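Peer 1: Sequence:
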Amino acid sequence: MASFEEESTVLKAIFGDTLTESWADDPEFVKYVSELTSYGADRLSRETDHLLEEKRTVDKQTEDLAFNNYKTFIQTANCSRDIFKDFQIIESNLTSLQEKLPEFSSECQSFLDTAHSITQSRKSNTLTLQKHTQLLEILEVPQLMDTCVRNNYYEEALELAAYVRRLEKKYSNISVITTICAEVKHCSQLLLAQLLQQLRSDIQLPACLRVIGFLRHMDIFTEAELRLKFLQARDCWFQSVLSNIPKSDAYQHLTKVIEVSRVYLFDIITQYRAIFTDEEPLLKQTTFRGPREAQLLQSWVQTKVDQFLVTLREDLAGGVGSRLDSLLGQCMYFGLSFSRVGCDFRGLLAHIFQDAALKHFIAMTDAANDKYDKNMETYTLVLRSSHQSSTLYPSMAVDMHNPPTTLLQFTPLALYCNDILTAINDLRVCAPINIASDVTKQLQRSLRRVADTISNFHRLEHVSFTEEEEKAFTKMCEIAAFDLIGHIQKCLLLIFPPDQIAKALGFTTQHLHSVGSFLYTIDTDEVVSPIKQFIPEDVAPPPEVVDQEADSGDGGDQLAAVAEEAANTGVPVVEPVTFSLDLSNSTPKVEDNVTGGEPAIQAPADIQAPADTQAPADTQAPADTQAPADIQAPADTQAPADTQAPADIQAPADIQAPADIQAPADGKSPVGSYQGQQVQSRPSTPKQDSNFKID
1 MASFEEESTV LKAIFGDTLT ESWADDPEFV KYVSELTSYG ADRLSRETDH
51 LLEEKRTVDK QTEDLAFNNY KTFIQTANCS RDIFKDFQII ESNLTSLQEK
101 LPEFSSECQS FLDTAHSITQ SRKSNTLTLQ KHTQLLEILE VPQLMDTCVR
151 NNYYEEALEL AAYVRRLEKK YSNISVITTI CAEVKHCSQL LLAQLLQQLR
201 SDIQLPACLR VIGFLRHMDI FTEAELRLKF LQARDCWFQS VLSNIPKSDA
251 YQHLTKVIEV SRVYLFDIIT QYRAIFTDEE PLLKQTTFRG PREAQLLQSW
301 VQTKVDQFLV TLREDLAGGV GSRLDSLLGQ CMYFGLSFSR VGCDFRGLLA
351 HIFQDAALKH FIAMTDAAND KYDKNMETYT LVLRSSHQSS TLYPSMAVDM
401 HNPPTTLLQF TPLALYCNDI LTAINDLRVC APINIASDVT KQLQRSLRRV
451 ADTISNFHRL EHVSFTEEEE KAFTKMCEIA AFDLIGHIQK CLLLIFPPDQ
501 IAKALGFTTQ HLHSVGSFLY TIDTDEVVSP IKQFIPEDVA PPPEVVDQEA
551 DSGDGGDQLA AVAEEAANTG VPVVEPVTFS LDLSNSTPKV EDNVTGGEPA
601 IQAPADIQAP ADTQAPADTQ APADTQAPAD IQAPADTQAP ADTQAPADIQ
651 APADIQAPAD IQAPADGKSP VGSYQGQQVQ SRPSTPKQDS NFKID
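The sequence shown runs 1 to 695 under my numbering.
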């Protein structure tokens with residue numbers, strides 16, 4: 001470090017400010033300075049001259065060299081200039097090359113990558129070519145599965161689906177495999193739809209077993225979901241069958257619904273129990289969160305029974321006429337059939353049929369009252385002679401259970417009696433004891449309305465009454481109070497015998513009369529109260545009419561005697577006898593004023609009734625009211641005792657229908673009703689006519 005500083009000091013002392021840094025960096029200069037410092041004073045003093053001499057020598061040599069080699073120098077200069085230019089060009093090109101080298105490098109890398117990809121692709125293509133057959137089979141799996149599904153080759157389709165699932169687990173990262181799996185899943189959905197559609201069709205148990213086996217193999221649903229799907233699909237088919245049943249006729253619709261429900265629901269339950277038999281293990285495996293598979297069937301059956309009962313109520317409300325007993329028998333057989341699978345619902349039917357019978361009876365009696373009110377608006381009082389009443393109907397006096405002939409003296413009363421007896425005849429085929437009280441009350445209300453109408457008729461017309469009309473009105477009140485009410489009371493007792501009511505309640509007949517005679521007895525005092533003032537006090541009721549005001553208190557015994565007599569003699573309430581009368585004396589002119597309905601008094605022979613006034617076909621039991629041939633009720637399928645008419649009520653053998661009155665096809669005719677066309681009287685001149693018919 002010290003020698004360097006000393007050298008620097010020496011150099012500055014020798015050269016002064018002319019010393020440059022480039023000299024200090026020159027090795028020759030440093031070497032010369034080192035030698036110079038080693039010289040003595042003499043040498044140093046001569047060094048200047050020595051240097052000048054050397055300089056002249058060098059200059060001389062340079063001049064000689066330049067002179068002798070000037071061409072070379074010129075060439076060298078030219079060459080140097082050219083080289084310099086070339087170096088500039090090279091420098092420019094090198095700069096351009098440096099700028100393009102990165103791009104070139106990237107292109108080279110891209111080329112390498114492409115070459116590598118091509119190489120790999122070539123290898124893949126080579127491998128693909130080698131495995132062409134196997135790959136083609138895999139690629140054709142979706143098409144093959146679609147063909148199998150559409151041609152119902154379900155087993156093969158399920159095998160293909162399982163194979164594709166295995167491929168998906170191993171090669172889910174391959175796009176082709178993913179595409180194939182997606183297409184196969186679409187085919188699986190088509191397969192599922194076809195299997196469920198088969199369950200929505202009319203298939204038998206073997207086909208159901210096969211379909212459920214395929215669904216289980218698909219492993220789409222849990223056990224609970226599979227059961228639910230089965231019930232949903234079968235219910236869909238069942239509802240489609242029900243929806244195809246015509247609803248124009250309530251009776252026909254209900255009959256078909258009963259038959260279809262009985263047959264098909266039983267088949268569905270049988271199929272379900274045959275397919276899903278492992279009830280106990282399922283109960284053990286069920287958690288509180290999941291549905292109870294064992295309860296699915298019970299819930300579904302309960303729903304179907306509820307739907308059937310709703311349909312039953314709706315159709316019964318639509319009106320089935322007098323064919324309620326046929327429907328009751330079919331429904332009872334339906335319930336009995338279900339009892340074999342633990343779904344007996346017969347106990348739910350009684351209330352429905354009871355309400356239907358009562359509503360039908362109430363509707364018919366209300367219609368009878370409306371018709372009676374209308375007839376009374378245009379009625380003219382005419383009193384027949386007592387000779388006609390006593391001698392013209394000798395055959396009618398034989399049977400006390402026929403309508404009183406005195407009613408024929410007053411056409412509105414006869415027509416009303418006809419309508420009430422028609423309602424009773426419709427009721428008797430299905431008359432539960434439970435509705436005895438309601439029927440009695442309805443009859444009492446209806447009769448009270450008749451009495452009110454008669455009272456109103458007197459209030460409006462009594463000012464213009466003649467003496468004969470006053471007598472006729474009094475006679476009409478007597479007949480309405482005694483004959484009409486008495487006959488309806490007898491018919492009521494024959495439908496609801498007191499002994500049967502007492503038996504159902506656990507009473508004796510005498511005890512029932514003392515505590516519950518209102519169940520089957522019409523309150524005569526209440527009914528006739530509006531017209532009681534028009535009945536002479538010295539007029540006594542006929543022997544067959546029950547006097548509820550008698551102090552002896554034997555009215556109940558008399559009613560029971562009437563019912564007992566009916567049961568012992570076999571007098572029918574349900575199936576009356578038809579007979580005819582020939583009237584030769586004068587009667588009021590009558591004309592038909594109705595377009596059909598229940599049988600009533602027939603118009604005289606010289607007055608032709610319109611063609612449309614014939615009794616409608618629905619007054620006869622049609623052939624289709626019988627239970628279907630395939631529905632055979634076993635011995636224990638009989639309706640309860642309170643819904644059947646007494647078995648011992650037979651038509652008397654000594655009463656034959658006249659030759660001109662044909663019995664209906666089913667051998668039944670309305671009980672105790674007047675045979676012929678319904679009529680309405682209007683003011684007219686009395687005219688001779690004959691040949692009235694009554695039944």
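None of these hints come from the bench; they were simulated from the model. Careful: at least some of the hints might be erroneous.
[Claimed, not checked] Derived DSSO-like pairs: lysine-lysine, alpha-carbon spacing no greater than 27 Å straight-line: (1) 374 to 256; (2) 471 to 374; (3) 71 to 123; (4) 359 to 247; (5) 441 to 359.
[Stated by the list, open to error] Restraint ranges, calculated between C-beta atoms of paired labels, are given here: (6) 314 to 537: 25 to 31 Å; (7) 112 to 165: 55 to 61 Å; (8) 163 to 210: 18 to 24 Å; (9) 499 to 318: 31 to 37 Å; (10) 318 to 515: 34 to 40 Å; (11) 162 to 248: 50 to 56 Å; (12) 236 to 518: 51 to 57 Å; (13) 165 to 200: 26 to 32 Å; (14) 196 to 163: 19 to 25 Å; (15) 236 to 506: 47 to 53 Å; (16) 95 to 123: 25 to 31 Å; (17) 318 to 351: 50 to 56 Å; (18) 347 to 163: 26 to 32 Å.
Predicted, not measured: the structure shown is a model, and the values here were computed from it. Where is the CB? At the ideal position from N, CA and C, for every residue including glycine.
Peer 1: Look at each hint and say if it fits the structure.
Peer 2: Right, here's what the structure says about each hint:
Proposed proximity of residue 374 and residue 256 is contradicted: the alpha carbons are some 39 Å apart, above 27 Å. At most 27 Å may separate the alpha-carbon atoms for a hinted pair to count; residue 471 and residue 374 meet this at roughly 22 Å. Between the alpha carbons of residue 71 and residue 123 the distance comes to roughly 69 Å, so the proposed pair goes past 27 Å and is violated. Restraint check: the Cα-Cα separation between residue 359 and residue 247 comes to about 21 Å, which is no more than 27 Å; the hinted pair holds.
Distance check on the hinted pair: residue 441 and residue 359 sit about 13 Å apart at the alpha-carbon level, within 27 Å; holds. Distance hint for residue 314 and residue 537: a CB-CB separation of about 53 Å, inconsistent with the stated range 25 to 31 Å. Taken as a hint, the range 55 to 61 Å is violated for the pair residue 112 and residue 165, whose Cβ atoms sit roughly 41 Å apart. Range check, residue 163 to residue 210: about 22 Å between beta-carbon atoms, so the 18 to 24 Å window is met.
Against the hinted window of 31 to 37 Å, the Cβ-Cβ separation of residue 499 and residue 318 comes to about 35 Å, which satisfies the hint. Between residue 318 and residue 515, the C-beta spacing of about 39 Å keeps the proposed range 34 to 40 Å intact. In this structure the supplied range 50 to 56 Å holds for residue 162 paired with residue 248, their Cβ-Cβ distance being about 53 Å. A hinted range of 51 to 57 Å for the beta carbons of residue 236 and residue 518 is consistent with their spacing of about 52 Å.
Look at residue 165 against residue 200: about 27 Å separates their beta carbons, and that is inside 26 to 32 Å. Checked against the hint of 19 to 25 Å, the C-beta distance between residue 196 and residue 163 comes to roughly 24 Å, which is consistent with it. For the hinted restraint 47 to 53 Å between residue 236 and residue 506, the CB-CB distance of approximately 49 Å keeps it satisfied. A hinted range of 25 to 31 Å is violated for the C-beta pair residue 95 and residue 123, which are about 43 Å apart.
For the pair residue 318 and residue 351, the beta carbons lie near 18 Å from each other, so the given range of 50 to 56 Å is not met. At about 56 Å, the CB distance of residue 347 to residue 163 disagrees with the hint of 26 to 32 Å.
Checked against the numbered hints listed earlier, the structure breaks hints 1, 3, 6, 7, 16, 17, 18; every other hint is satisfied.
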